[in-house]
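Undergrad: If you want the building blocks of each chain, they are given just below.
Protein chains: 4
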Amino acid sequence: MIIIMDEKASPDQIQSVVERLLDNGFDVHRSTGATQVVLGVVGDTHNVDLRDYEVMDGVHEAIRITDPVKLVSRTFKPENSIVKVGKVEFGGNKIAMVAGPCSVESRQQIKDIAAFVKKTGTHLLRGGAYKPRSSPYSFQGLGEEGLKYMREAADENGLAVVSEVMDRMDIIPALKYVDMIQVGARNMQNFALLKELGKLNKPILLKRGMSATLKELLQAAEYIMAGGNHDVVLCERGIRTFENYTRNTLDISAIPILKKLTHLPVISDPSHGTGIRDKVAPMARASVAAGADGLIIEVHYDPEKAMSDGAQTLYYEQYEQMLSELKIIATAVNRTL
Amino acid sequence: MIIIMDEKASPDQIQSVVERLLDNGFDVHRSTGATQVVLGVVGDTHNVDLRDYEVMDGVHEAIRITDPVKLVSRTFKPENSIVKVGKVEFGGNKIAMVAGPCSVESRQQIKDIAAFVKKTGTHLLRGGAYKPRSSPYSFQGLGEEGLKYMREAADENGLAVVSEVMDRMDIIPALKYVDMIQVGARNMQNFALLKELGKLNKPILLKRGMSATLKELLQAAEYIMAGGNHDVVLCERGIRTFENYTRNTLDISAIPILKKLTHLPVISDPSHGTGIRDKVAPMARASVAAGADGLIIEVHYDPEKAMSDGAQTLYYEQYEQMLSELKIIATAVNRTL
Amino acid sequence: MIIIMDEKASPDQIQSVVERLLDNGFDVHRSTGATQVVLGVVGDTHNVDLRDYEVMDGVHEAIRITDPVKLVSRTFKPENSIVKVGKVEFGGNKIAMVAGPCSVESRQQIKDIAAFVKKTGTHLLRGGAYKPRSSPYSFQGLGEEGLKYMREAADENGLAVVSEVMDRMDIIPALKYVDMIQVGARNMQNFALLKELGKLNKPILLKRGMSATLKELLQAAEYIMAGGNHDVVLCERGIRTFENYTRNTLDISAIPILKKLTHLPVISDPSHGTGIRDKVAPMARASVAAGADGLIIEVHYDPEKAMSDGAQTLYYEQYEQMLSELKIIATAVNRTL
Amino acid sequence: MIIIMDEKASPDQIQSVVERLLDNGFDVHRSTGATQVVLGVVGDTHNVDLRDYEVMDGVHEAIRITDPVKLVSRTFKPENSIVKVGKVEFGGNKIAMVAGPCSVESRQQIKDIAAFVKKTGTHLLRGGAYKPRSSPYSFQGLGEEGLKYMREAADENGLAVVSEVMDRMDIIPALKYVDMIQVGARNMQNFALLKELGKLNKPILLKRGMSATLKELLQAAEYIMAGGNHDVVLCERGIRTFENYTRNTLDISAIPILKKLTHLPVISDPSHGTGIRDKVAPMARASVAAGADGLIIEVHYDPEKAMSDGAQTLYYEQYEQMLSELKIIATAVNRTL
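Protein chains in written order, with this note's numbering: chain G, 202 to 538; chain E, 202 to 538; chain Y, 202 to 538; chain Z, 202 to 538.
It is worth saying that the hints were derived from the structure and are not from the lab.
All clues given are correct.
Any copy, or any two copies together, can satisfy a pair, since identical chains are not distinguished.
Using 27 Å as the maximum straight-line C-alpha spacing, the simulated DSSO-like pairs for lysine-lysine come out as follows:
{"#": "1", "residue 1": "K528", "residue 2": "K288"}
{"#": "2", "residue 1": "K528", "residue 2": "K461"}
{"#": "3", "residue 1": "K295", "residue 2": "K528"}
{"#": "4", "residue 1": "K416", "residue 2": "K403"}
{"#": "5", "residue 1": "K400", "residue 2": "K285"}
{"#": "6", "residue 1": "K396", "residue 2": "K349"}
{"#": "7", "residue 1": "K461", "residue 2": "K506"}
{"#": "8", "residue 1": "K285", "residue 2": "K377"}
{"#": "9", "residue 1": "K209", "residue 2": "K271"}
{"#": "10", "residue 1": "K278", "residue 2": "K209"}
{"#": "11", "residue 1": "K416", "residue 2": "K400"}
{"#": "12", "residue 1": "K416", "residue 2": "K209"}
{"#": "13", "residue 1": "K461", "residue 2": "K209"}
{"#": "14", "residue 1": "K461", "residue 2": "K295"}
A quick note: this is a predicted structure, and the numbers were derived from the prediction, not measured.
Take these sequences, add in the hints, and give me the full structure.
TA: Here it is as structure tokens:
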């Protein structure tokens, strides 16, 4: 940690800061420049709240120089991590595809879609059983019944399954049915949930919060990894901006940035990231072009009849058309699909 | 719901939209203007996803004309709701004060602070037992032990207690100790939690999410009220903006807007809303001047030693000074303190 | 325009709104639904401020159903517009490339870079003569001298030139030297400038403001076109978000959205959009994959010595490498480069 | 400037950074900590672009430790600056009031309003002659004619006049008629304009840009002061956020923050800051409660007939009622009105 004093900081003010640092068990190196004093703080400052010092009289700024994350950081693990779910590898040369409906709606619906997903060469099935909805009066998902249907449909087609849990209480039922547990955007900072997931031996798909910074996303992943579970895949799914044409603004630049900061796989969700069906394929292409390790896509045989998020759900033929475009783009970034 | 067609929408496109509406059980009134066709949709459209129609060819915009919320809306209950917690009334003429430390740190700490809070005429004690922290390596609170200490301290001083729960699993222990349950900003859209709180007979303090719109805050409150619990107090606590001098930007205008949209009490949290000690009093004054029904303030006998959020915590004398300023401002808005 | 009344709006409130509308020369069609009254307003409402009605008692919402823009809208001109600048066509099948330094620094510098740009098959040279800098103490550009050097360098290499003007007073000198005038992000709503540019017979490159919505960008273009100048190219260059790893967040989704809303060409500026050299190529690839009609890229023989924006400027070999990747991606979207 | 190297930075990477710093004429102090190397840079780094170093391999972060502003900073001028315009003092104990219509609409309109303004004890008249409007088809103001009417109306009532210029070309006509020149939010970073205003001997009212940080606002003020004109008043007028109930979100916390960072007077514009008439008074009260040095308010004898911004314009009686509330609040912050 470095503390930069104001240009006009008085000797007393500087002394107060130094004393507080010493009190808290740190060593202090004082450096007097042409215009101001800079204090270098020696010791483990990971848990220091910078603001504690910034509100002191005469302090210009406190800066943390050590990374707030350890386990997720590429500094400490330079090579890419690969997370395996069934036949799918996230983080390898091949781009990982995940597809399925927004919600599991019935045994038959998920069966049909699973068969289609399989046919396209996609090996991981998505589908929501517990649906987070803004209004209490909207469809809230089939719950455990939905998970059961999805498991059956996946098993019939040799697919693996990823589905979202809403809080700690949903974990036990989910463990029976799913191969990968999704943490939704609204739960990215549900720390009680993250800690619990850290204890599991099950891959986690962690979505970025709607207005979360990348640093906060990495800290959320650190929560899971700190518990011992290192199989975490990060997912960019759009952030809130002023723009209203799209539901969210898919932050494509998050992909190359995250790939630099962390060894964890990074995928993109252009369905939620745009909220508009005809924007899904362009943004899927852009994601792969920017270096995404995979995509998660909503697809349905009849999006107009979907019980949730139909407007952002692809028709079967659109999904297949998109895959053929992605194959070309993958070659431009030395990947396969 | 109203559907506005594009100026160039073809008769076929219009027909498709009409048919889909009829299919879904609605009646349709078609109105042909000078430039475009507008479809009035008759029936209960509460659960329609507007985007389902907006992605159809030839549709310019779909607009919901009925309110997404019912129970929270002032339209349906014009008079102010009053929520009672111990001796405190939120939503009455008297401005409700809540004060205490960020975290319960020890039996002695919360005792001392409770005695001070009582002395100032404040009757509701705040304090965190489960702390949501961005880093897994930071102090995470004393848990149930903390709630117990807080209850003791409150009882000794005739105070009521408000404290935050992190998810559904924390509710049972909290019920034993607290008089009002707080939902933190990160949990504003934890719908599983909100539904559970809706079943309780215990007042809820619902904080606005960091990047939530006011409509989303009202929908979150609707979740609780739809379950049968009508004792909800809303709390503005700062939103994320580009500005970095403050931790958040306290949205003072949310206060008069919420007061118009809902009958529920609205309070302000200038401690989290600014994150900086010397900005707490100015923003507390501003909140009352703008019509807040109450304030929740972090106070500690030694903020420099606080285990969390010390930088935004008031010294005792600052809290007392602030109260004396607020008394004057209250008169300007025909309130008492 | 449609005015939706509150569910509890009184007959008097409705009457007041109707009378105001009639007073203002509109016809009103009143439609009484199950829950509320909706007023359809007939007449030219382009210049009505919706808020004038929204603040009236009993009004729930006022909605404009006609597009605020005309000339830029694809509704009124379905086919793509092509804007020609020298040998370059924006909006055709071939992706248009623009490259050059951030600032013109000297006669020799721009000569060297122009020769390189030419060699890569790029035909339009960028370079700033008037530099908008946040600090008054930073390098402010060479002014007209810079434009002269750039013209010379371009002529020697058979290139066309695009450069930014800062306000109306810069137009006259710029006309002598440049083939396309750039409006910077900070000037997107400099309406006096836009009006003046509307009178010219010179293509305009209009950059999106840092926190502008796409609707505002289209309205800015409408200002230019309303004056008679229809040669406008739109440029996405990054918006301000909470994320600080990048200077801005390049909004790739703006590309397919704009392409749907307007017939004007849409290009992307990944240099300003990211502010970081090694993020430029990934975001350039993503832009083309999402359907951009062109790219504007900062390139310099020695970015480390560049007088401005060196951190986001490509080395020569990086630009060439990027072009070869883009060629592959262009085929995936049926374009050429 | 301080440069913090990555924990894993190689000796070669560190050497490259050191060499570049020396090349650029700086001295370097190298400090090797437990985990990483920190380079202290000695010399005038005001014009260094931090990103130039941040993109170098092995660099974690570059931090400017000197203030980017000088003349506006309270560090260098601790006592409040007072800016006088006619009988009005901005920055003194008395809260400065500015009032008038959004636009000058006619000779008679501005006369009537000036007389009212005078009657309330307000001494500075606002009114727009050049109007920045999002749509080219909206009323654009009366231009110089409007300034003339406003001058006449002010002279008849012994008032001073503040009005906005749109760019450098409007300055000459404005100088004849106005006592204070306003820079609008959209022009906060119109650097050509700011430089020109810096040469004048006329007070400037500088509005914060719609998505500008406070640092950027201070840098804009520095532009004016660097030219020699020290009579600058800053104005908070609302920032763009996700919230749509209000036109903008008035950032009340900007007031106490700016008052700490700069000696310049700081006023608030609750009319533009909310865009809604019945929110103006609550936010005016909040502004004064938070420490504003003044307010600028839109007022009109018939807001419903106003040619622009009627929805945010107060009726005469509302303005008078607001003044009486503000008088009480002023006493709570030891001010007068």
